[in-house]
Amino acid sequence: MKSSSLVFGATGLLVLVGALFFRPPAGADSPRVPASDREVLERLPFGASDPREQERERLGRLLAARPDDVRPAVALARLDIEISRARSDPRYLGYAQAALSAYWDLPSPPTEVRVLRATIRQSVHDFDGALADLDRVVEAAPGDAQAWITRSVVLGVKGRYDEARASCQPLRRLAPELVFTVCEASLDAVTGSAGPAYERLADVVRRGRRLSTAENEWARSTLGELAQRVGNDAAAEAQFRDALALDPDDPYVLSAYADLLLDLGRPAEALTLLGARTDNDNLLLRLALAEAAAHSPGAAADARLLRERFDASHLRGDTVHRREEARFILGLEDDPRAALALARTNWDVQREPWDVRVLLEAAIAAKEPAAAAPALAFLAANHLEDPRILRLAAPLRPGAR
Amino acid sequence: MTRAPRLVVAWLAAALWLLVARPAEAHKPSDSYLTLTVRGPVVQGRWDLAIRDLDHVMGLDRDGSGTVTWGELRARRDEIASLALGHLTLRAEGASAVPCRATLRDLEVATHSDGAYAVLAFDTLCAAEPRVLDVDYELFFDVDPQHHGIVRVDDGAGTRTAIFTREDRRQRFEQTTLARGHQLAAATLLGIHHIFAGIDHLLFLVALLLPSVLVRAGGRWEPVPSFRPALVDVLKIVTAFTVAHSITLSLSALEVLRLPSRLVEAGIAASVVLAAINNLVRVLDEDRWTAAFALGLLHGFGFSATLMDLGLPRKNLVLTLFGFNLGVEIGQMCVLALFLPLAYMARKGAGYRRVGLVSGSVVIAAVATVWFVERAFVVKIF
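Line by line, the protein sequences give chains Z and L.
All residue numbers for the first sequence refer to the numbering used here, where the first residue is 1 and numbers rise by one.
All residue numbers for the second sequence refer to the numbering used here, where the first residue is 1 and numbers rise by one.
Some hints here could point you the wrong way.
[To be verified] Reference excerpt, derived from the structure (chain Z facing chain L, CB under 8 Å, subset only):
#, residue
1, Q97
2, R316
3, G331
I should point out that these hints are in silico values taken from the structure, not numbers from a laboratory.
All C-beta atoms, glycine included, are put in the ideal place defined by N, C-alpha and C.
Use the sequences and the hints to build the structure in full.
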């Protein structure tokens, strides 16, 4: 036998022996027995001494003692919704629904229950269910400011701006000036009047002496978005920074500001801003995009983590993340056709500026300009001003090429 | 509760609402993952429950530290088992309406993308092998109506997944046993498809077969005088390749042997490079079958990865393996039936030696080198 045959024989033997001793690495979700009783498995988002948790327990006991009284049920649901927002944790939306379980399936629950049910439905992107509830509430209780503004927000997300604007009007007399102004300004922001709206809202904030921190923070984040629509990135940045000075943990402002920094080509600052917020999927998306742009070492691991989260949400049949997943696929997985499919189904549900932008970006990346038609028609009908979106749309317009 | 003036209530409510109106779904909601494996009358279960959900129901954090330790979880093992198994009912329809009896075997932990989970391994004994399995899932819906139970049932012939929700708490799984003939045909088709889809295996073979219609004479390539020696050479190579990859495919599918997929994929690319370079610098001649055998062992691991990715039914595994191998052979034969007559006819022209053998080998080596770099270093070149 030639020596070369020996070499190949040895190679074959090596392959077999190597395989014999190789043990595949344990997968992330393979079960294990921790080595020590002291090993920490999970950090809960609160300690036992958390005042809101104590309040939850108090209300829970009250509800158990008076199951027929709607008041503790509503109070507990309201607290749970508030916690879910503060921690951006949807589990508390489920707990809120549980608090309302005696009324949840009723065709005509009490008005205050209906408002909360609409809130929860809206949060899981059941916009039509939320609107059905809210329409009934404003009919039965036309003095309910919360219902009017909720209704306006949901209609705005759906892109039904005229109805959304009509739903702001009662707030002029039902709520403080700031609430009415923000309600209208949020719609002006996407219908071609972002500039005047910015001035009006800034004026109300300047004059408002008794604004709470939450109101002030919320007004400033709205101002930041208005500034972005008119292409004033410097003002937008200043407003987002002011908002974060009032509430450094607001995930909504954090993601809006991170998006701005990414657009401005400053991923390193986005990384500093987001820190290690891998717990929140929306912030994790910005983190992964920033890490990729900055070529930082954690990029691959965070992208993988986010992919696992998307996969897990597919398993449960959720569709609330379509816009974020489309952005993720476009930016980090390089599969424009898949991104376009998601952006299109997302478009059927919601029409915020990012929904427009993702549909345009996906259509361009997938080289299917025709798929952008609904977004172009939407832009033409509503006069959205955002210069980044208009720049994307320009070459897609019929006659542009 | 004290009653505030109407307007103030509305106003406070509005202030809360304005914040609530923003996206609140940024974490994953509550899910559990339940896998049921039907093994005759025994249904084995693996149930992954989020520690956060368990804590919400039964307060695992006894010392109030804001963390849950393994000690705190382990101490409540029996309570966890009766909570979970008390909210899951399996019935083997047809045998009797009596629920199958479930007992906890093991409590472990696992990490999912959204945090730590307790893993319950349990056995459920039914009166008979369930042809139809009725599953009632009631866990956590009372405390979190948005909880979903993601259930996978594996009956040995196939898997089905279902989502249990507050509105959909009972589902029926019917056994999906495939007819044996159907299973064999499916596996064979898969094998044929894989030979044509997995171009690396084909290129490896082609690189080894290119010189089969030639013979070395005085340091030069000459055409073989007759068809017979070419055929013998081809048969030796193909048989060696087949025997080798059948061995490792079977051992790996039966989970006797395992290799890291990155190593296997890179190794397969390297084998193509080696086979092509051998035509240029000539290490092996008539004994090319030894290379086909040694490197074929690697290709077998690659085949098995394909088979595994498709979720190999464990029932009748041998049948599936046989069918898949058969399909791979049929695919190879098709290639040979095309290649050999063409090469034999073309062997006399200088074109075959220069364009076919030399340029072909250079191209194959170049392509496979790119694959090798991509697979070994996980980069994308093209």
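Cross-check of the supplied hints:
1. Q97: With a minimum Cβ separation of about 5 Å from chain L (threshold 8 Å), the hint on Q97 (chain Z) holds.
2. R316: holds (4 Å)
3. G331: Given a least distance of 15 Å, the restraint on G331 (chain Z) is violated.
Consistency note: the structure conflicts with earlier hint 3 alone.
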